[in-house]
Each structure stands twice: as C-alpha cells, then as structure tokens.
Amino acid sequence: MQHVNNTAQISMNGVHKRFGNGTLAVRDMSVDIQPGQFVSFLGPSGCGKSTALRMIAGLLSASAGSISVNGHPAGEGGDGRDVGFVFQEATLMPWTTVFDNVYLPLRLAGTSRRAAKDQVNEALSNVGLLGFSQSFPRELSGGMKMRVSIARAMVTKPALLLMDEPFAALDEMTRFKLNNDVLKLWEENNLTVIFVTHSIFESVYLSNRVLVMAARPGRVVDDIALPGGYPRTDEYRTSQEFAENTRIVTRALKGTLDHDESDH
Amino acid sequence: MTKAIIEETDDEDSIILNAEQARRERNDRRLRIVMPVVALLTAVAVWEALVHIYDIPHYLIPAPSRIGETLITDGPSLMGSAWFTVKLTLLSLLLAIIGGVALGMLFALSRTIEMSLFPFAVILQVTPVVAIAPLILIYVHSTFAALLICAWIVAFFPILSNTVIGLRSADHNLRDLFTLYKATPWQRLRYLLAPSALPNFMAALKIAGGLSLIGAVVAEFVAGTAGQNSGLASRILESSFRNEIPRMFAALILVSLLGIAIFLATSWLSKLVLGRWHESEIKREH
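Here the protein sequences come in this chain order: F and C.
Per our numbering, residue 778 is the first one in the first sequence, and the count goes up by one each step.
Per our numbering, residue 4 is the first one in the second sequence, and the count goes up by one each step.
Think of the hints as simulated: they come from the structure by calculation, not from any bench.
Beta carbons: idealized from backbone N, C-alpha and C, even for Gly.
Keep in mind that the hints are not guaranteed to be accurate.
As the list claims (entries may be wrong) - Sample of chain C residues facing chain F (criterion: CB under 8 Å; computed from the structure):
1) D174
2) N176
3) D179
4) L180
5) T182
6) L183
7) R279
Just chain F, with the same shape it has in the complex (with noise of 0.2 Å):
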C-alpha cells in the first residue's frame, strides 16, 4: 500500500511508534493531508494522536515509515518557521513579558527586536492582545495565555498550525471563543492546521476532517469528511448539519471503544 501523493502537505506512510518501554503508540499509520485542510485527529486518551502529532512536528521520530511535511522528511524542513505548535498548556516564558515571548520564534531566527516589532505586534493584535504586550504571562487569564500561545506560534507566518489539545484546560465560554479565533487565523491564511482534541464537539465545528483513532494500539480507525457550513459561527453548533455530524462521528468513535473493551 504505497501512499505517493505529491500535492500533500503532509504525508505519513506506514508510520509506527514504538516507545522504549514496548508500548506501540502508534500503529501503522497512513495519512495525507492537503493544502488547507482543518484536520482533526480525535480519540480518546492513549490512542496515539499527541504522539502521532509530535512525530509530523519532528520532536519524535517514527520507529518505522516515513513522514514528510512540505516536501522534507518531519523535522527537517527548513529553519522550522514554516511550522507553528500550539501546546496543551499556554507554554510561556514566565520570566518575560508577552512581546517577548511572542518574539521568541523570530528572535531565535536570529530577527532584531526592532526588526521584528511590526510583525509581533500584528500577531499580537490578531489575537486581540495588543495592548498587553508589555503584561507579564501571569498577569493573565488561562485563555489570554492560550492567545499568547497563538500569536507565538502564527508570528512566522507558517503554512502549518499543530495543535495540541490546546483548549483543554479552558472553560467552555473561553473555548467557544478561542475556537472561532483559530477558524478566523485559519481561513485569513490559508492555515493547515492539524488540531488533536478528545472533544467530540470541537472537532465537529472545527474541522472538514476528522480522523477518528483508537487506542491499545494507537491507530485510525476512521477518516470522516465534513466539509459543509463554513465560514461556522456560533449558529453552526446548533445546526441540523451540526448535530448530524456529531451523531457520524460519535457513531465512529463509539465503534473504538466497543472494540477496546472486547480486547479486555
């Protein structure tokens, strides 16, 4: 089963993970995915989709198959500005203020402050932030933190957004509201963005995408395309097409854990 598929931007060919303590993280997986694609990689805890996310970013590497993302093998592409990643948690540097830490990425290119000043700036204030550029992360809120994060991450224009269950630890309001601010990013930058979440809701409204996945081992057991209902608004998630969708993709992770506890 040979997966050549030029157009893609990222493209996982018979990918396993094996972690050194025999745990297959990640079985076999292959996957492409296009230019503009809003992927989400769904499923519950331990079913390889952080693993499988953290292997397309080049922080690990696969124990076989191979993974390319913008035409070079993950994690050697480029300076690694062409990739953006969102963590779990806002993931700052307390010791300094929110322009730096946004800075950071341009900084580490080797990009003057005063160089960079435009570009943070504009990065800062696509997420609303601007006038808390000189605020200290613990100044603020969890979800002011999680734009920060964002803004870090878009600060060098990638093509590529990873994202890493970034809302989980939010309130629903916030998330609701961060959810729409990473649609708005993704469809003014023409954004692939990969998004790993264990909620069911939020990959519905967010993606066109969804690849369902199981645990023990960590493997896709469904690829569900949703492509209606953009540009979604708030109004989306209590459409018809909203609540079908939910029931497909629910129907598909409920086949998982039916499956998970039969191996018990």
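Please build the complex by placing chain C on the supplied structure of chain F, with the hints as guidance.
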C-alpha cells in the same frame, strides 16, 4: 463590544483597589521597618538595664554602651580586620559563583561529566572544612590563599547543585519549542536554561553568601593566625586569650553586621531579578 466591557470593569476595579491598596501598602512598609527596629532597641535597652541593675562586671557580660565604646576606641584595628574578612568572604563567594556556575553548566550539558565529577563535589561538601583546613594550610604558603580555599569549599557546593537542578528544571514543552525553532545550544542556554535556573541560583546565592562568611571565620579560627593582616576571627581569638570580653563582643558584632549585609544584599538582588515573575518573590494581592 465584549472587549470594551472587560476593559471598563478592569479600570473600575483598579480605581477602587488603588486607594485602599495604597493605604495598606504604606502601613505594611512602615510596620516592616518599625517593628524590627523597636524589638532590637528594646532588647538592647533591657540588656543595658540588667547589666547596670545587677552590677555585672564587664569581663563577664559588658553593657552595650561599653561595647560601643570599644568599637570606637579599637576602631582602627577592628576595621582593618573587618576589611580583611570582607575581602576574604566576597572573594570566596565570587569564586564559588564562578566555579559553581561553570561546573553546573558543564554538568547540565553532559551526564557523563556529571557522573564522573559529582563524587568529588560530594566529597568536598561532606568533609568538614575544619578537618581539611590544617592540610590546606600546610600545602598552601600564602595564608590568605589557604583561607580563601577553605571558605570557597564551603560556599561552592550549594551553588553547584542548585545551578544543576535549575538548568534541568526548564519546562519540557518550552524545550520542545526551542527544538522546533532549531535554537542553537547557546540560544537555548541564554533564553531558556539560564532564566529557568535563576530561582534556584538565587536561593543558592542566599545560602552561599552566609556560608562563605562562616567558611572565612571558621578557616581563620583553624589557622589561628596572629598578626596585623588577619580578620575578625583572629581578633575574637586574641581577645579571648587576653580576656578582653568587650572587644570580643565588638568583633562579634562586626561579624554579625557583615552577615546581615550579605543577607540583605542577596535578598535585594533576588527580589530585583525575580520580583516581576517568580512565585517566591511576588507579593500576593489581598
């Protein structure tokens, strides 16, 4: 719309808080200075009164006024000794910082180096300096250098171990972020590891500052050097031989003052460096 509302309430809150906050802050600051000063003055006054009431001879317990007198009459010789101890303490602290940080960085970079060299650091730490000092005094000709080595041994280890812990304590996701952006080892050290290590380093500095003074005094006791070029510990020893108790107290007070100065300086530095971001130095709002 939502944003404007949030900002408005923010403003209102800060106005209401500011008046009350300022008052509390002023009181707080006043109390923080007034209380310790009153307590100290009271203690000294009670001491002075007790000595006079019970007519205690000055060769047993001198009154504070008598100690003050000695500080003035013996001032020149005591100040010379104090300066010697200051030099010894600060120089040993400086060398402990340089050595501890340099070796700490080396340890943090390489597990192999750490595994090979750590036993030596532990041996240096666990062997009482009093026990090594005589040997050092035999091998090292210059007394000052010998004393310096002794004080350095005492102050060095806390800096080393805390620097290593601090450099290792950097957030794992932030490390990943630096990997994603292909940071050079130097960038990683400067922008991630060093700031992460600062809280631990500052804690170590507070400890090492006190220890370097203890090391300097203890080493001098062991060396027992007499002569014009020696520190406060020698003055204390010498006064003890001659039964000059007021002079002993005077030298002791100078040692204490030196220790307090070091403590205040390191605390101030810690506040300056960590004040805006680290939990340990942030004052909680009430």
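(request) Against chain F, run the beta carbon of C/D174 and see if the smallest gap drops under 8 Å. (result) 7 Å, holds
(request) With chain F as the partner, please determine if C/R279 meets the hint condition of a C-beta pair closer than 8 Å. (result) OK, holds: C/R279 within 8 Å of chain F, min 6 Å.
(request) Answer holds if the nearest beta-carbon of chain F is closer than 8 Å to that of C/L183; otherwise answer violated. (result) Holds, about 5 Å.
(message) Checking hints one by one. Is C/L180 an interface residue toward chain F, by the C-beta closer than 8 Å rule?
(response) 6 Å, holds
(message) Holds or violated: the hint that C/D179 contacts chain F, with Cβ atoms closer than 8 Å.
(response) At 5 Å from the nearest chain F Cβ, C/D179 passes the 8 Å test, so the hint holds.
(request) Classify the hint on C/N176 as holds or violated, based on whether any CB of chain F lies nearer than 8 Å to its CB. (result) 4 Å, holds
(request) Identify whether the interface hint at C/T182 stands, where standing means a beta carbon of chain F within less than 8 Å of its own. (result) 6 Å, holds
In terms of the numbered hints stated before, the structure departs from none.
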